[in-house]
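Peer 1: Sequence:
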Amino acid sequence: MKRIILVSSVALMVAMAACKGKNKTENADQQAPSSEQQSESTPAASTPANEPKTFAITFAPDSVYLGKKKEVLVRLKNAKGIELTDPDGKVTGTEITYEIEVTNKNAVGGNGIFFNPNDFRLQLDNGNNLTHDNYNTVNVDAESTKTSEENKFKLPAGAKPKNLNLFYDETRVSVGVEMK
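Numbering (numbering that gives the first Met the number 0), first residue to last: 0 to 179.
One thing to keep in mind: the hints can contain errors.
As the list claims (entries may be wrong) - Under the rule of at most 30 angstroms between Cα atoms (straight-line distance), these lysine-lysine pairs were calculated in the BS3-like manner:
1) 179 - 104
2) 179 - 68
3) 89 - 67
4) 79 - 179
5) 79 - 1
6) 89 - 104
7) 151 - 89
8) 151 - 161
9) 89 - 79
10) 68 - 151
11) 145 - 161
12) 76 - 151
13) 104 - 52
14) 52 - 79
15) 1 - 153
16) 67 - 179
17) 69 - 1
18) 76 - 1
Unchecked claim - Label pairs and their in silico Cβ distance ranges:
19) 145 - 89: 13 to 23 angstroms
20) 67 - 89: 14 to 24 angstroms
21) 89 - 118: 54 to 64 angstroms
22) 133 - 55: 41 to 51 angstroms
23) 133 - 113: 12 to 22 angstroms
24) 169 - 50: 18 to 28 angstroms
25) 52 - 168: 13 to 23 angstroms
26) 110 - 157: 41 to 51 angstroms
27) 149 - 52: 19 to 29 angstroms
Just so you know, these hints were derived from the structure itself, not from any lab.
For every residue, glycine included, the Cβ atom is placed at its ideal position computed from N, Cα and C.
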């Protein structure tokens with residue numbers, strides 16, 4: 000009986016010692032990769048390797064009135080540029096995407112406005128004018144605001160935008176464009 004108690008207590012002590020050491024090594028193994036993962040993810044987040052080059056686009060002024068009675072307020076916002084490349088890595092141009100927020104200043108009960116950005120022209124630094132590659136029209140009721148999203152210009156390689164000419168109801172306004 001003494002031998003059984005002695006053997007049981009030794010086996011219990013060995014089992015406890017084995018489990019204690021196992022937990023320490025597991026915790027050490029779990030902590031080591033997590034700190035390595037953090038250090039690996041930080042540089043990757045700050046300098047992505049396959050990310051296309053982007054540009055900040057600013058319009059000056061960003062809000063203008065159009066129309067013979069200045070009944071349309073146009074706000075240009077959320078503009079960004081992305082460098083386009085072919086599969087070999089050669090730059091083929093730049094795509095400029097922006098939103099147009101259109102506000103109808105007519106009183107309630109007045110006329111609605113059909114706003115079509117198709118007539119806009121982007122003037123480049125080399126003197127050429129471009130039309131939209133993609134645009135969305137909006138129909139705005141009196142005293143309301145709507146947004147036209149995903150309006151795009153595709154610039155040829157090496158060209159920079161200079162002005163954006165906006166047209167509505169036989170009126171024209173030029174807005175300066177800067178690409179950083």
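Peer 1: For each hint, tell me whether it holds in the structure or not.
Peer 2: Against the structure, the hints come out as follows:
1. A C-alpha spacing of about 33 angstroms is found between residue 179 and residue 104, which places the hinted pair above 30 angstroms, so the restraint is violated.
2. Under the criterion of a C-alpha separation no larger than 30 angstroms, the hint pairing residue 179 with residue 68 is inconsistent with the structure, at around 35 angstroms.
3. Between residue 89 and residue 67 the CA atoms are separated by roughly 46 angstroms; this puts the pair beyond 30 angstroms, and the hint is violated.
4. Taking the CA atoms of residue 79 and residue 179, the gap is about 10 angstroms. The hint holds against a cut of 30 angstroms.
5. The straight-line distance between the Cα atoms of residue 79 and residue 1 is roughly 83 angstroms, outside the 30 angstroms bound, and the hint therefore fails.
6. With a C-alpha separation of about 46 angstroms, the suggested pairing of residue 89 with residue 104 is violated against the 30 angstroms cut-off.
7. Only pairs whose Cα atoms come within 30 angstroms are accepted, and residue 151 paired with residue 89 is accepted, the gap being roughly 21 angstroms.
8. With a CA separation close to 16 angstroms, the supplied pair residue 151 and residue 161 stays within the 30 angstroms bound.
9. Simply put, residue 89 and residue 79 have alpha-carbon atoms about 20 angstroms apart, close enough for the 30 angstroms limit, and the pair holds.
10. Among the hinted pairs, residue 68 with residue 151 is consistent with the structure: their alpha-carbon atoms are about 28 angstroms apart, no more than 30 angstroms.
11. Proposed proximity of residue 145 and residue 161 is supported: the alpha carbons are some 26 angstroms apart, at most 30 angstroms.
12. For the suggested pair residue 76 and residue 151, the alpha carbons sit about 13 angstroms apart, so the restraint of at most 30 angstroms is met.
13. Among the hinted pairs, residue 104 with residue 52 is inconsistent with the structure: their alpha-carbon atoms are about 39 angstroms apart, more than 30 angstroms.
14. Of the pairs offered as hints, the one joining residue 52 and residue 79 holds, with about 11 angstroms between alpha carbons and a cut-off of 30 angstroms not exceeded.
15. Restraint check for residue 1 and residue 153: the C-alpha separation of about 91 angstroms exceeds 30 angstroms, so the hint is violated.
16. Restraint check for residue 67 and residue 179: the C-alpha separation of about 34 angstroms exceeds 30 angstroms, so the hint is violated.
17. A C-alpha spacing of about 105 angstroms is found between residue 69 and residue 1, which places the hinted pair above 30 angstroms, so the restraint is violated.
18. The hinted pair formed by residue 76 and residue 1 fails the criterion: a straight-line CA distance of about 87 angstroms is larger than 30 angstroms.
19. The beta-carbon spacing between residue 145 and residue 89, approximately 39 angstroms, falls outside the hinted interval of 13 to 23 angstroms.
20. At about 47 angstroms, the beta-carbon gap between residue 67 and residue 89 misses the expected band of 14 to 24 angstroms.
21. Distance hint for residue 89 and residue 118: a CB-CB separation of about 33 angstroms, inconsistent with the stated range 54 to 64 angstroms.
22. Checked against the hint of 41 to 51 angstroms, the pair residue 133 and residue 55 fails, with Cβ atoms roughly 21 angstroms apart.
23. Between residue 133 and residue 113 the C-beta distance comes to about 18 angstroms, which sits within the given range of 12 to 22 angstroms.
24. Restraint check, residue 169 to residue 50: a C-beta distance of roughly 43 angstroms breaks the suggested window 18 to 28 angstroms.
25. One distance hint, 13 to 23 angstroms for the beta-carbon pair residue 52 and residue 168, is violated here, with the actual separation near 38 angstroms.
26. Range check, residue 110 to residue 157: about 44 angstroms between beta-carbon atoms, so the 41 to 51 angstroms window is met.
27. Taken as a hint, the range 19 to 29 angstroms holds for the pair residue 149 and residue 52, whose Cβ atoms sit roughly 20 angstroms apart.
Checked against the numbered hints given earlier, this structure breaks hints 1, 2, 3, 5, 6, 13, 15, 16, 17, 18, 19, 20, 21, 22, 24, 25; the rest are met.
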